[in-house]
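J.: With chain V held as given, fit chains H, D and F onto it using these hints.
Protein chains: 4
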Amino acid sequence: MHSFPEHLLKGHANFMDGRYVREKDRYRELAASGQTPSTMIIACCDSRAAPEMIFDAEPGSMFVLRNVANLVPTYQPDGGQHGTSAAIEFAVKALEIANIVVMGHGRCGGIKAALNPDHSPLDAGDFIGKWMSMLGELPGQLGTNSMMTASEQQTALERISIRNSIGNLRTFPYVADLEASGKLAVHGAWFDISTGELWVMNGDSGDFVRPEL
Amino acid sequence: MHSFPEHLLKGHANFMDGRYVREKDRYRELAASGQTPSTMIIACCDSRAAPEMIFDAEPGSMFVLRNVANLVPTYQPDGGQHGTSAAIEFAVKALEIANIVVMGHGRCGGIKAALNPDHSPLDAGDFIGKWMSMLGELPGQLGTNSMMTASEQQTALERISIRNSIGNLRTFPYVADLEASGKLAVHGAWFDISTGELWVMNGDSGDFVRPEL
Amino acid sequence: MHSFPEHLLKGHANFMDGRYVREKDRYRELAASGQTPSTMIIACCDSRAAPEMIFDAEPGSMFVLRNVANLVPTYQPDGGQHGTSAAIEFAVKALEIANIVVMGHGRCGGIKAALNPDHSPLDAGDFIGKWMSMLGELPGQLGTNSMMTASEQQTALERISIRNSIGNLRTFPYVADLEASGKLAVHGAWFDISTGELWVMNGDSGDFVRPEL
Amino acid sequence: MHSFPEHLLKGHANFMDGRYVREKDRYRELAASGQTPSTMIIACCDSRAAPEMIFDAEPGSMFVLRNVANLVPTYQPDGGQHGTSAAIEFAVKALEIANIVVMGHGRCGGIKAALNPDHSPLDAGDFIGKWMSMLGELPGQLGTNSMMTASEQQTALERISIRNSIGNLRTFPYVADLEASGKLAVHGAWFDISTGELWVMNGDSGDFVRPEL
Numbered sequence: 021m022h023s024f025p026e027h028l029l030k031g032h033a034n035f036m037d038g039r040y041v042r043e044k045d046r047y048r049e050l051a052a053s054g055q056t057p058s059t060m061i062i063a064c065c066d067s068r069a070a071p072e073m074i075f076d077a078e079p080g081s082m083f084v085l086r087n088v089a090n091l092v093p094t095y096q097p098d099g100g101q102h103g104t105s106a107a108i109e110f111a112v113k114a115l116e117i118a119n120i121v122v123m124g125h126g127r128c129g130g131i132k133a134a135l136n137p138d139h140s141p142l143d144a145g146d147f148i149g150k151w152m153s154m155l156g157e158l159p160g161q162l163g164t165n166s167m168m169t170a171s172e173q174q175t176a177l178e179r180i181s182i183r184n185s186i187g188n189l190r191t192f193p194y195v196a197d198l199e200a201s202g203k204l205a206v207h208g209a210w211f212d213i214s215t216g217e218l219w220v221m222n223g224d225s226g227d228f229v230r231p232e233l
Numbered sequence: 021m022h023s024f025p026e027h028l029l030k031g032h033a034n035f036m037d038g039r040y041v042r043e044k045d046r047y048r049e050l051a052a053s054g055q056t057p058s059t060m061i062i063a064c065c066d067s068r069a070a071p072e073m074i075f076d077a078e079p080g081s082m083f084v085l086r087n088v089a090n091l092v093p094t095y096q097p098d099g100g101q102h103g104t105s106a107a108i109e110f111a112v113k114a115l116e117i118a119n120i121v122v123m124g125h126g127r128c129g130g131i132k133a134a135l136n137p138d139h140s141p142l143d144a145g146d147f148i149g150k151w152m153s154m155l156g157e158l159p160g161q162l163g164t165n166s167m168m169t170a171s172e173q174q175t176a177l178e179r180i181s182i183r184n185s186i187g188n189l190r191t192f193p194y195v196a197d198l199e200a201s202g203k204l205a206v207h208g209a210w211f212d213i214s215t216g217e218l219w220v221m222n223g224d225s226g227d228f229v230r231p232e233l
Numbered sequence: 021m022h023s024f025p026e027h028l029l030k031g032h033a034n035f036m037d038g039r040y041v042r043e044k045d046r047y048r049e050l051a052a053s054g055q056t057p058s059t060m061i062i063a064c065c066d067s068r069a070a071p072e073m074i075f076d077a078e079p080g081s082m083f084v085l086r087n088v089a090n091l092v093p094t095y096q097p098d099g100g101q102h103g104t105s106a107a108i109e110f111a112v113k114a115l116e117i118a119n120i121v122v123m124g125h126g127r128c129g130g131i132k133a134a135l136n137p138d139h140s141p142l143d144a145g146d147f148i149g150k151w152m153s154m155l156g157e158l159p160g161q162l163g164t165n166s167m168m169t170a171s172e173q174q175t176a177l178e179r180i181s182i183r184n185s186i187g188n189l190r191t192f193p194y195v196a197d198l199e200a201s202g203k204l205a206v207h208g209a210w211f212d213i214s215t216g217e218l219w220v221m222n223g224d225s226g227d228f229v230r231p232e233l
Numbered sequence: 021m022h023s024f025p026e027h028l029l030k031g032h033a034n035f036m037d038g039r040y041v042r043e044k045d046r047y048r049e050l051a052a053s054g055q056t057p058s059t060m061i062i063a064c065c066d067s068r069a070a071p072e073m074i075f076d077a078e079p080g081s082m083f084v085l086r087n088v089a090n091l092v093p094t095y096q097p098d099g100g101q102h103g104t105s106a107a108i109e110f111a112v113k114a115l116e117i118a119n120i121v122v123m124g125h126g127r128c129g130g131i132k133a134a135l136n137p138d139h140s141p142l143d144a145g146d147f148i149g150k151w152m153s154m155l156g157e158l159p160g161q162l163g164t165n166s167m168m169t170a171s172e173q174q175t176a177l178e179r180i181s182i183r184n185s186i187g188n189l190r191t192f193p194y195v196a197d198l199e200a201s202g203k204l205a206v207h208g209a210w211f212d213i214s215t216g217e218l219w220v221m222n223g224d225s226g227d228f229v230r231p232e233l
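One line per chain: the protein sequences are V, H, D and F, in this order. At position 79 of the first sequence the residue is numbered 99 (the working numbering), and the sequence of numbers has no breaks. At position 14 of the second sequence the residue is numbered 34 (the working numbering), and the sequence of numbers has no breaks. At position 44 of the third sequence the residue is numbered 64 (the working numbering), and the sequence of numbers has no breaks. At position 59 of the fourth sequence the residue is numbered 79 (the working numbering), and the sequence of numbers has no breaks.
Bound conformation, chain V alone (with noise of 0.2 Å):
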């Protein structure tokens, strides 16, 4: 067997000797009474997106989704295992956050094959592909521009995505219902890895802003 990798075991170490010394009586009470978060993150995977280093989050504030380029499905309630849908429910219907923010990135990986999904790594056959699905004509609608750069693009998917998984939440019948009787918020937010900016959606436009300018 190999051993567990050593700057994951160093890394636990500056934790115990930094944080949990300092959050010490945090984390306690956060085992004793359970979590509690307002807030519910849907994030992607991207090493370089983590939600709890850009909101310089404390333990127990945030709970969080993270999928291949933050794709939020339909409700489809048909029996499947439909993980980011039970990570939506249990959000909603068993913590009760009040808010949910879909957030996205620049340079993403799963947008960045959904664009390019013949020069992709990956076989559109294979599971990314299929996930990459969920957007459904939107890749191709926007790859037919060629007026605009490959790059352009890109971060046009990643936000059109981010509304589109907007939309799909209010699918779940309970989203809907708590955002009409207003005791939950949804949200739109997209991080740019480069400088450190988010881009927070309007959500009446559906336009990205940086509310700190």
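One or more hints might be untrue.
When chains are identical, the list treats them as one kind, so a pair holds in a single copy or across two.
With a straight-line cut-off of 27 Å between C-alpha atoms, the simulated DSS-like cross-links for lysine-lysine are [as the list claims (entries may be wrong)]: (1) K44 <-> K30; (2) K150 <-> K30; (3) K132 <-> K150.
Derived from the structure by calculation, the hints contain no laboratory data. Computed from a predicted model, the values in this text were never measured in an experiment.
T.: Using the frame of chain V, we list chains H, D and F on its own:
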């Protein structure tokens, strides 16, 4: 529309003034050259068990999938949209990561729901019920063992589930092949929210021990 | 007759008491020796995007053409009166400038009119309609992309149009020749009125980035 | 590819640290509400005669067209692409500006070329020659007046040309109509690069005088 959560905006401002200032060069490089994480972590959505916190991780170092109860399904190339499988495929085939760590944690709400299907706030017919059904007969078998306390049963199932997920991981042909050739290693870990301790799985016996002791 | 606008007379008095006092020698020298600007800027008439403000320019440093939406036509030596082409010719052949910058900006009224020919306050049969028709099929192709918000489409077309103008610039034989011999460089830029930021075009990819970040 | 001119990047940095800091609120407001300039300036591309400098203008206050020698053609709705006419139409019909100022200046290269068609570095068959041919017989008529020095002829033609452009402006039906109804005023001005003085045209006589004296 609702405005973007204030605590997230404030947290991001902290990030920009803190971590981003210190690691600006790293973020620039990660954006320009792409991600090359050596490790994939499959973890739970739980707000108290963020891998980046527990491993004091640097940006770019870990590709992180998070679903409810850190479950991995078996390899099912049936044309459906499998988010967890897509992330595994992306990590192994596109990113060529060297390690996969399935990390569970104590007091997991998903595991608790699996152990208490009738007393859960969640209907077994909902997404959570279906999702946790990935554990098959395991919760039921354990539940008949009335000699263990509820807490002991929970910890036991959390670890059983990690071993089960690792077994399922090995049904992916490329995972099995790469592991056999020594290019990929698969690990298990369990995080204790209360004490901050990391328990690491012994690959031969399946036991969980604290490596720092 | 109407008297000369008071705000202009007052502004000129400020100029005489301020900038002219400080730069009297420069103005005298510029008058005596003629202009030798190193750069031509092709910009929009928009009152919010004056190149001299944005680049904090000194008198004599930039030769500035401004038309609606900073458009450049293709080389059409048909004997007609082409104001933009005449300015380019004057800058390149008489002034021997070293750089041409096509600078667009956000919220451009001309681009907006091109995207909304039916809802514009201006009749498509008027001069504006004809002028913006220089973009040919570009607005129509982009406008069919209903996945992007109106604001996203506008920004996209502003940048597409800059790349289109740069392509048209290169149909001028002397521009192409001098660029090939390294004596002339052609650049693109986009100004964000709200944030004051300058986005500079990457000559290879056509993408726009903020160089100051 | 060539990198973006360093002097422009530096100038923009000065803008961000200076004017933008002082006028941030104004830029934000101008971006949000759109431009509402009261005045259109038709000026020359010359690097020494930027209207915003000469009138110490604030962002948003003047809509500025700049072409070689600040010429205005007659109204020619022939379906061609007329950049100057498009800008006039946009200013008058879309922005509903209250003043149009045709501003010439001393030592104008375009006017000089028109006076010296044979000794110009520019072939009369090129764009500049065609563009300046908008002045028709005016340069030729003046050139036969051998009693005036070359410098006197130049200044004379600069002013003749301004009056000519104003006459052409009035061939636009909406300009004539709005001027008749008192909603639009048309002005002439001439800038002396050497002394910084502004000479303003008397609308009745056509003479240019210095209003500050």
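J.: Next, verify each hint and record whether it holds.
T.: Results for each hint:
Both within a single protomer and between protomers do K44 and K30 lie at most 27 Å apart by alpha-carbon distance, with minima of 19 Å and 22 Å respectively. For the identical chains of this complex, K150 and K30 are neighbours neither inside a copy (37 Å) nor across copies (37 Å), given an alpha-carbon limit of 27 Å. Taking the shortest Cα distances, K132 and K150 sit within 27 Å of each other inside one copy (14 Å), while across copies they are farther apart (31 Å).
Of the hints listed earlier, the one the structure fails to meet is number 2.
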